[in-house]
Amino acid sequence: MASRDKKIQPDWWSKTLAGVLLGLTFSFALVGCFAWYGPGGITADSKVQFNMWITPAIWLPIMSFVYLFNNGKQAWMYLGGANVLAYAALFLLR
Numbered sequence: 488m489a490s491r492d493k494k495i496q497p498d499w500w501s502k503t504l505a506g507v508l509l510g511l512t513f514s515f516a517l518v519g520c521f522a523w524y525g526p527g528g529i530t531a532d533s534k535v536q537f538n539m540w541i542t543p544a545i546w547l548p549i550m551s552f553v554y555l556f557n558n559g560k561q562a563w564m565y566l567g568g569a570n571v572l573a574y575a576a577l578f579l580l581r
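Residues in the sequence shown are numbered consecutively from 488, following my numbering.
If you are wondering where the hints come from, they were derived from the structure by calculation, not from laboratory data. Note that the structure is predicted; figures quoted are calculated from it, not measured. One or more hints might be untrue.
With beta-carbon atoms standing in for the labels, derived distance ranges [unchecked claim]:
| id | residue 1 | residue 2 | range |
| --- | --- | --- | --- |
| 1 | L572 | A544 | 18 to 28 angstroms |
| 2 | N557 | L580 | 30 to 40 angstroms |
| 3 | Y524 | D498 | 14 to 24 angstroms |
| 4 | N558 | S533 | 13 to 23 angstroms |
| 5 | N557 | P526 | 16 to 26 angstroms |
| 6 | A544 | L579 | 31 to 41 angstroms |
| 7 | T530 | L504 | 31 to 41 angstroms |
| 8 | W500 | A575 | 40 to 50 angstroms |
| 9 | D532 | N558 | 38 to 48 angstroms |
Just so you know, even glycine gets a beta-carbon here, dropped at the ideal spot from N, CA and C.
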C-alpha cells in the first residue's frame, strides 16, 4: 500500500484527550515555572494577569501539534514525560 493511500489513524480521540488533559497540565507547569523563576519572582506586579493570558497561548500549540504523533500511545507517553519533567523542575527548584 502506498503512503498516500494510508488511511487516517483511528486513534485521534486518544491524541485529542492527550492534548486536552496533558497539554493543559503541561502548560500549567510551564507557566508555574515562569511565575516562580521569571522576572520579579512570584510577587511581581501584574504577573498574575500575564500568567493567566499566556496559559492558552502555550496550550493551543500543544493541542495543534499533538496530531503529529504517530499514534495516541506515543502522544500520551511523550506528553506524560514532559509533564513529569516540568513538574519535577517546578517542585525541585522551589
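Structure-based check of all given hints:
no. : hint                              : result
1   : L572 <-> A544: 18 to 28 angstroms : holds, 20 angstroms
2   : N557 <-> L580: 30 to 40 angstroms : holds, 33 angstroms
3   : Y524 <-> D498: 14 to 24 angstroms : violated, 36 angstroms
4   : N558 <-> S533: 13 to 23 angstroms : violated, 42 angstroms
5   : N557 <-> P526: 16 to 26 angstroms : violated, 39 angstroms
6   : A544 <-> L579: 31 to 41 angstroms : violated, 26 angstroms
7   : T530 <-> L504: 31 to 41 angstroms : holds, 36 angstroms
8   : W500 <-> A575: 40 to 50 angstroms : violated, 29 angstroms
9   : D532 <-> N558: 38 to 48 angstroms : holds, 45 angstroms
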